[in-house]
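Protein chains in written order, with this note's numbering: chain A, 1 to 305; chain B, 1001 to 1302; chain C, 2001 to 2452.
No lab work stands behind these hints: they were computed from the structure. We put the beta carbon where it would ideally sit given N, CA and C, even for glycine. Since no wrong hints were added, every one of them can be taken at face value.
For each label pair, taking beta carbons as the anchor points, the in silico distance ranges come out as:
| # | chain 1 | residue 1 | chain 2 | residue 2 | range |
| --- | --- | --- | --- | --- | --- |
| 1 | C | G2316 | B | V1053 | 47 to 57 angstroms |
| 2 | B | A1008 | A | I119 | 50 to 60 angstroms |
| 3 | A | V59 | C | P2396 | 49 to 59 angstroms |
| 4 | C | V2162 | B | R1071 | 28 to 38 angstroms |
| 5 | B | P1215 | A | F219 | 28 to 38 angstroms |
Residues per chain are reported as follows:
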Amino acid sequence: MMDTASVVDFGRPAGRRHAVWRFLRGNLKGTEYTWAVAFVVPYAAVFLTFVAYPVVYGVWMGSERGLYPELFADPIYQNTVVNTVLYLAIGVNVKLFLALLLSGFFMRPGWWMKALLLIFVLPWAVPQISTFISIHWMLNGEWGFLNNVLYTLFHVEGPHWLNDRWTALGAVIVSHIWKWTPFWTLILLAGRMAIPLDIRDTARVDGATGLRGFVYITFPLLANLYLICTLLSTIFLLGDFNAVYFVSGGGPANTTHVLATLGIRNAFDIAQPRLGVAAVMSALPLVIPLVIVLMRKLRTAEVQL
Amino acid sequence: MSTIAVDAALASAHAESRAHRAARRRRYLTTTGTTVLSLVLVVWTLLPIYNMVLISLEPEGDVFTDHIWPRVVSVESFWGVLTQGHWYLEHFWRQFANSVYLGAMVTVLTLAIGSLTSFSLGRMRIRHGWLVSNAALLTYVIPASFLAIPFYRIMQNYGMANNVWSVIAALVAFATPYAIFVFLEYGRSIPIEVDESARIDGASPVQVYLRVYLPLMAPALVAVGTYAMLLAWNEYLYQFLLLSSKSSMTVPVALAQFLSSDQSPWNYMMATAIIYAAPPVAIYYAFRRRMTAGLTMGGVKG
Amino acid sequence: MLRGSLALAAAKTVAFPHVVKAAATTATMWFSQGFVQDEDVVLRKIVADYEKASGNKIELSIIPFAPHRQKIISAITSDVVPDIMQSEPNEILQLYAWQDKWVDVSDVVETQRAQFSETALTASQAYNNVTKKRATYGVPLRAAVVPCHIWKSLVEKAAMKVEDLPKTWDAYFDFFKKVQDNLRKQGERKVYGLGFQVTASGVDPYNLFMAFLVAYGGQDVVTKDGKLHLNDPKVKQAAIKAAAYLGGAYRDGYVPPSAINWNDADDNNAFHAKLMVMDVDGTLSTEVAIKEKHPEWYFNEIVTHGVPGYPNDNAGNPVPSIVNITNGLIPKGAKNVTVAKEFLKYFIQPKVIGEFVELGLGRWLPVMPSLAKSPFWQNPKDPHLKGYVQQGLLGPTRPDYYVFNLAMAEVRAQHVWSMPMIEVAREGVKPEVAVDKAFKRIEEIFSKYPMA
Chain A
1 MMDTASVVDF GRPAGRRHAV WRFLRGNLKG TEYTWAVAFV VPYAAVFLTF VAYPVVYGVW
61 MGSERGLYPE LFADPIYQNT VVNTVLYLAI GVNVKLFLAL LLSGFFMRPG WWMKALLLIF
121 VLPWAVPQIS TFISIHWMLN GEWGFLNNVL YTLFHVEGPH WLNDRWTALG AVIVSHIWKW
181 TPFWTLILLA GRMAIPLDIR DTARVDGATG LRGFVYITFP LLANLYLICT LLSTIFLLGD
241 FNAVYFVSGG GPANTTHVLA TLGIRNAFDI AQPRLGVAAV MSALPLVIPL VIVLMRKLRT
301 AEVQL
Chain B
1001 MSTIAVDAAL ASAHAESRAH RAARRRRYLT TTGTTVLSLV LVVWTLLPIY NMVLISLEPE
1061 GDVFTDHIWP RVVSVESFWG VLTQGHWYLE HFWRQFANSV YLGAMVTVLT LAIGSLTSFS
1121 LGRMRIRHGW LVSNAALLTY VIPASFLAIP FYRIMQNYGM ANNVWSVIAA LVAFATPYAI
1181 FVFLEYGRSI PIEVDESARI DGASPVQVYL RVYLPLMAPA LVAVGTYAML LAWNEYLYQF
1241 LLLSSKSSMT VPVALAQFLS SDQSPWNYMM ATAIIYAAPP VAIYYAFRRR MTAGLTMGGV
1301 KG
Chain C
2001 MLRGSLALAA AKTVAFPHVV KAAATTATMW FSQGFVQDED VVLRKIVADY EKASGNKIEL
2061 SIIPFAPHRQ KIISAITSDV VPDIMQSEPN EILQLYAWQD KWVDVSDVVE TQRAQFSETA
2121 LTASQAYNNV TKKRATYGVP LRAAVVPCHI WKSLVEKAAM KVEDLPKTWD AYFDFFKKVQ
2181 DNLRKQGERK VYGLGFQVTA SGVDPYNLFM AFLVAYGGQD VVTKDGKLHL NDPKVKQAAI
2241 KAAAYLGGAY RDGYVPPSAI NWNDADDNNA FHAKLMVMDV DGTLSTEVAI KEKHPEWYFN
2301 EIVTHGVPGY PNDNAGNPVP SIVNITNGLI PKGAKNVTVA KEFLKYFIQP KVIGEFVELG
2361 LGRWLPVMPS LAKSPFWQNP KDPHLKGYVQ QGLLGPTRPD YYVFNLAMAE VRAQHVWSMP
2421 MIEVAREGVK PEVAVDKAFK RIEEIFSKYP MA
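Kindly produce the complete structure, drawing on both the sequences and the hints.
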């Protein structure tokens, strides 16, 4: 984000010392520069102490060569990678697609929509530990609420949801979608509302309403935001610990772990912190390209109009 | 009148009423569709929450029931939580206070540090500011839960284990990048001339920050503040790893204790969970309009 | 300048005596929270009594059960340790003794040597890979054994009698299958005969499998010298039989399906909810948890087997019970080893330690046979304590296998035995195949800890 003023400054003929000075400081002088630096110091300190140092320390912890063969040999690890990929692929895309559709739905006028939106946001506002434990109990095969409902209303004996790897994984993914779709719906809703009224009006006058309006007008304008949301959501989801931990506990028999929960399990349940760090580090090859793309997207394009 | 004209008039009247009917049918379908979708959304959203309430109202603390409506309603569990009447809830109010403190500190610090940084980057346009904003984004390279283990070791080394400030530090570190970006984006809708005219009037940077920047950023501040508070309230892993004594624990850690209990006071646990959920929900609903405005980043350009 | 720094140094040495003096009389202690409040209350009382008697101070932190493990692991790996810890989970004694992290406490144990049971003394020792020797690193405090817990009322509902329980292993557990069949005929859909913890979480599955392994003749899987004997055909046969029986019970519908997801507390909760007729679970926590709220269950409806009652092996010989001992530990790097040792010596005096287990409602066992003869344990009005103490202290016992080789602790933590059970139960894998896989994994783990 180079501001134009400094570009202009650069081009002006000036003494060498002046040029260096201006290179360092830009167009801020004296106490202003000091203040600008002072304002950035708090975050820089926080970043160095609580992010950079732990990252370096983590990389050091996970850098022992022997860890990785041991990690890959663990049969739980292989399942975990598959689970993580599925969790990401399905979780992110279904969630954002739903958010996109629902954000359109919530654009409708009326007090009923506003009330509905209020209710709809509850999963995001209520703490995860409360709701995920509730979901965990809801899914119990013998006395869980879901099976009680199925039996009482439809006389169907529901399965033991958490006893099978795939239904348990599905339950985790659905829980995640349940919790986070409201948040992303709000973001996309804000994105839609930021589309200038005159564009929307013109579109309506031209007859581009409904599906056509969406495809030709709305989505292109939202596309960038949608992409950024997808990237951000993927990164967040990769680190999501709570859904798996509370809903399925990694079970049955450690078959629904994801990398985040496997790391913690290695570190504490079998008392091998370095193996835990190795587990999460093994996700880096996926994360780093994502973040680079995200960084580029955020820098070059405007998020909103 | 010629019959042709009458016919034409009738035909067009027919066509109009057909169009009307078609439009009415479409409206009818849309309304039904909307209603159905609304119902589905309500049930989908409230199902786990209803389960929470159902369990908390059980008199015996028995999760082993097979009814879907509360048969006997007992608020014994809520009373027990509020009066700290159960052994695991001995320190509930202390732990609740810890949670509130954690949430408040994370919010305040995130807002302060985030706004200061984005002011310097976005308004004062400090040179090489992109270094800082990219560094901030790098925070997300390794997701928070991945950093838990090294973070935890480091806090031991700093002597901050079992201290709520270690959790505050972690959460502020993870919330501030988001704050910086939202503030930078939102700030784009505020013309730089405002700052400059204040500066010409003789205001120092601090005064511009306090008197001009912050008031104009109010909706974004509310949005980010709410987000930070919800983040702190929602978080579990760091609190669990870093806080291990009854007096330093926060409510999520205390809740997790119930999970390893042999005695299954599940109704108490759910009551605790519901009481814990009350503040963030209340705060969200109080600030929701400001939140949307802040997220819209500058509002509709008309 | 020099004078100034000398003065500073002098000032420091003057100040230090105060600091040193304070350290001489205060020790920090970590102990995990009990499952019932009474356990914590009695511990605090003992600490207070010691403080009064000795003039020293003990800073006791009672740590909730769940974060306790994290705290211990982090403390030991970062060398920021309290003065007294407890071996919870029990195998950390052996695990970290390997890395030379404990202070030798043979002098403490010596003060009461005659009182301790043979099993307790064995379990307090561990192999140190730095000194390449075994030494006594733990002070035995309390013990736990794995009895069977039975709902007498459910057995009677099935028109059968607990007194009719066979005395040999397979027949004993088959009895409960019949109980389930009878209950099902009465329309009870949601009751299961056997509460086997066929899961990969917590310590219960390991305890369960090992009990079966020993009963089927595999007790020499690891011998006292720490050597692994998986090639022994007796051990292999025992493991196959155990996997076949336990997994088979689940496969055939005699175990609650949700067992596959149980952690250490879930099975107790399921038992209280009468989801199963019996379970095999360590300590008396199942009974103690409901003693206050449901005395009728405690006194009339639940039976603990315990000895007599606990089945013999299929040939009719008594099966030695595996005992897990909780030890007091002093980590290396503790600031106040003197007071730590003094407190532990105080703690293991028979009167004190006896009070500790008794006032904890008897969830844990004492480690001194003389204490088992107290009126508390021999109380004829209590249906559980006598059998429990007979099984865990007075009858034939053996320490758990990680005492001989800490690799077994990792086998437990990684739930290696759970896999054969689960594979037979749900995936139709043949017991021989499943056990072979498990054996391979165990050999891999053992190869990480070569002992001299």
